[in-house]
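Once you've looked at the hints, dock chain R with the ligands against the given chain C.
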Amino acid sequence: MNMSVDLCGVKLKNPLIAASGTFGFGREYDELYDISCWGGISVKGLTNEPRTGNPPHRIAETSSGILNSVGLQNPGVDAFIREELPWLSRMGVVVIANVAGATTDDYTEAVRKLSDSPVDIIELNISCPNVKEGGVHFGICPKSVSKVTGAVRKRCLKPLMVKLSPNVSDIASVARAAEDAGADAISLINTITGMAIDARTRRPILANITGGLSGPAIKPVALRMTWQASKAVAVPVVGMGGIDTGTDAAEFLIAGARAVMIGTANITDPTAGPRIRAELENFMSENGVDDANELVGSLRTD
Amino acid sequence: MKSAARDIVSRVISNERIADRIHDIRFALHSAAEPPLPGQFAHVSVPGVFLRRPISIAGFDPASRIARLIVRVAGRGTDILSHMKTGDETRMTMPLGNPYPIRELTGGEIPDIWLVGGGIGAAPLLYAADYISRLAGGRAGIKTFLGFRDAAAAFGASEFEAYGETSLDIGGFVTDALTESLGKKIPDAILACGPAPMLSSLQKICARSGVRAYASLEERMGCGVGACLVCNCGISKDAGDEVSYKRVCRDGPVFPLPEVVFK
Ligand SMILES: Cc1cc2nc3c(=O)[nH]c(=O)nc-3n(C[C@H](O)[C@H](O)[C@H](O)COP(=O)(O)OP(=O)(O)OC[C@H]3O[C@@H](n4cnc5c(N)ncnc54)[C@H](O)[C@@H]3O)c2cc1C
Ligand SMILES: Cc1cc2nc3c(=O)[nH]c(=O)nc-3n(C[C@H](O)[C@H](O)[C@H](O)COP(=O)(O)O)c2cc1C
Ligand code: FES
Chain C
0 MNMSVDLCGV KLKNPLIAAS GTFGFGREYD ELYDISCWGG ISVKGLTNEP
50 RTGNPPHRIA ETSSGILNSV GLQNPGVDAF IREELPWLSR MGVVVIANVA
100 GATTDDYTEA VRKLSDSPVD IIELNISCPN VKEGGVHFGI CPKSVSKVTG
150 AVRKRCLKPL MVKLSPNVSD IASVARAAED AGADAISLIN TITGMAIDAR
200 TRRPILANIT GGLSGPAIKP VALRMTWQAS KAVAVPVVGM GGIDTGTDAA
250 EFLIAGARAV MIGTANITDP TAGPRIRAEL ENFMSENGVD DANELVGSLR
300 TD
Chain R
0 MKSAARDIVS RVISNERIAD RIHDIRFALH SAAEPPLPGQ FAHVSVPGVF
50 LRRPISIAGF DPASRIARLI VRVAGRGTDI LSHMKTGDET RMTMPLGNPY
100 PIRELTGGEI PDIWLVGGGI GAAPLLYAAD YISRLAGGRA GIKTFLGFRD
150 AAAAFGASEF EAYGETSLDI GGFVTDALTE SLGKKIPDAI LACGPAPMLS
200 SLQKICARSG VRAYASLEER MGCGVGACLV CNCGISKDAG DEVSYKRVCR
250 DGPVFPLPEV VFK
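If you read the protein sequences in the order shown, they are chains C and R.
According to numbering that gives the first Met the number 0, the residues represented by the first sequence are 0 to 301, in order.
According to numbering that gives the first Met the number 0, the residues represented by the second sequence are 0 to 262, in order.
Excised from the complex, chain C in its bound form:
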């Protein structure tokens, strides 16, 4: 059975990638299982300078998902390259550096540093809903997407993937803007902005008031957007949002994704990585699929 897929010239041994922000830099989960079972790992969102993130509480539970407002807490791109990357790049997985910034210069500076490092792919996070400046503001309209993608493209010596926000009215035009500005791949979706209230105290649960919704709650929206984006662009699309089983992963591939990312499932099940991989292999053998690429974009609407 062939599980491997090609993502803008980078070979993944299987189409499963740990989603940014739910997997740290890989060390914690490597204590529970061998993380080389993943095709790739997208690390916690990195900024040029270290960031402390938002005050607690940063998480609220819903019936089938979570809201988070971490706000890009990270040690900064230099510390990542110095302290985390040497270890992670020996783990036998494709390493994807997720990058965020408050200004275009923040993005280009971080991307310049990462271009000299052994990361395999750079994922531009222009869709974080939890920071005051930058983040999602770059991702909400085709014009700003085009501007930041174009600026980064000039400095980026690695394959460039642009991660889109679902908090937009027309995902196809945003995806096209990223492609036209030089993106080698598109990933989507980041979290959907939401909020949670404690009715008893009449206070928001999250200190940041609003947060980003993820998990099975957002899967139908994510599937729809993956399908729309993959029809709109020629570059590969990486789909995510609520994937919790191997069959969920297959659905995203069928909708048009070349690979998928798995986020919140790591939080609810710390061994989701090897489990979902085994489930996807099972799904394929039970359904007579001997190449994962056969699933990609195979949605039948006749």
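Simulated from the structure, these hints should not be mistaken for lab results.
Ideal placement from N, C-alpha and C gives every residue a C-beta, glycine not left out.
Be careful, since some hints might not be right.
Said to hold, decoys possible - Okay, the calculated beta carbon distance ranges per label pair:
| hint | chain 1 | residue 1 | chain 2 | residue 2 | range |
| --- | --- | --- | --- | --- | --- |
| 1 | R | R75 | C | R111 | 44 to 52 Å |
| 2 | R | R20 | C | R201 | 19 to 27 Å |
| 3 | R | F261 | C | D289 | 55 to 63 Å |
| 4 | C | R111 | R | L134 | 52 to 60 Å |
| 5 | C | M90 | R | A62 | 36 to 44 Å |
| 6 | R | R20 | C | S35 | 29 to 37 Å |
| 7 | R | T85 | C | R299 | 32 to 40 Å |
Relative to chain C, chain R with the ligands alone:
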């Protein structure tokens, strides 16, 4: 430190209501699980709610490999947990987090350690008392200060009495009896767990009397293993230092009390 946590299936072997909304649940641990230490917790999968629930280890018997969790019904998840029956199974990742530094504190001597627990915070201290007592061959004089909001919610007092002098406060401040005792004697260390206001006032008392203290903190969790960064608490190594965020699940839940920044 390479964590020895494993995601395992555990089976309920008994579930007893020991006080108002307080359940003492014993689990037979899967053979792959490492023995937990006092202060560490299990991240327990609860059928019917989305996230796992962090619950302190309230006891562990190495011979029978039975772990004890004491659960206070605080909402939907803990309510479902409190209804688990003998034979029911659930997954849990354990042991997680840093324990109380008991071995470092005792350093081979018979320790003089005091325990301060508020409400459900008494649960991890039960295991601490048992552990210290075993380390000291039963000769440790463990002094315990317990506080509960009302008599119906009180639990564990008679168990703590088996380990040493125990004071029980109902509806007042657990720190009152402690302050009085500290006026007479300063122990090697205080281990605490309880609501933030209790810990905050304990912090001031301990600073005044110069006693070392460690507290187990609570914060809402996601992964429980240190990867998602949602369980942050403010920590400042020295007074006046910049506050940095640490992960309760991984860098804690036990922190040196002077370093904790309360809101
Ligand atoms: C390290 C640690 C050890 C703990 N040990 C124990 C213990 O031994 N016994 C015990 O009864 N309780 C313990 N708690 C508290 C327990 O985790 C919460 O009471 C429980 O998560 C509440 O879930 P719920 O569904 O009943 O309440 P809800 O209020 O419905 O929960 C909603 C969400 O908030 C979270 N949450 C609510 N209160 C807390 C809290 N105090 N701490 C962390 N998350 C919270 C829940 O996990 C859930 O995600 C501990 C908490 C931590 C962090
Ligand atoms: C706690 C948490 C932190 C996240 N941090 C980031 C981040 O730093 N950068 C990013 O691009 N996406 C981040 N995300 C979004 C996820 O990568 C993913 O896009 C989203 O959660 C949807 O997938 P899921 O439903 O599988 O979790 C985060 C999500 C969660 C739950
Ligand atoms: S709960 Fe995920 S880092 Fe602590």
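Q. Holds or violated: 44 to 52 Å for the Cβ distance of R75 (chain R) and R111 (chain C)?
A. 48 Å, holds
Q: Indicate whether the distance between the beta carbons of T85 (chain R) and R299 (chain C) respects the range 32 to 40 Å.
A: 49 Å, violated
Q. Taking the beta carbons of R111 (chain C) and L134 (chain R), is their distance inside 52 to 60 Å?
A. 55 Å, holds
Q: For the range 36 to 44 Å, tell me whether the beta carbons of M90 (chain C) and A62 (chain R) fit it or not.
A: 38 Å, holds
Q.
Quick check on a hinted range of 55 to 63 Å for F261 (chain R) and D289 (chain C), using CB atoms only.
A. 59 Å, holds
Q) Do the beta carbons of R20 (chain R) and R201 (chain C) sit within 19 to 27 Å of each other? A) 25 Å, holds
Q. Does the Cβ pair R20 (chain R), S35 (chain C) satisfy 29 to 37 Å?
A. For S35 (chain C) against R20 (chain R), whose Cβ atoms are near 45 Å apart, the range 29 to 37 Å is violated.
Violated hints, in rising order: 6, 7; the structure is consistent with all others.
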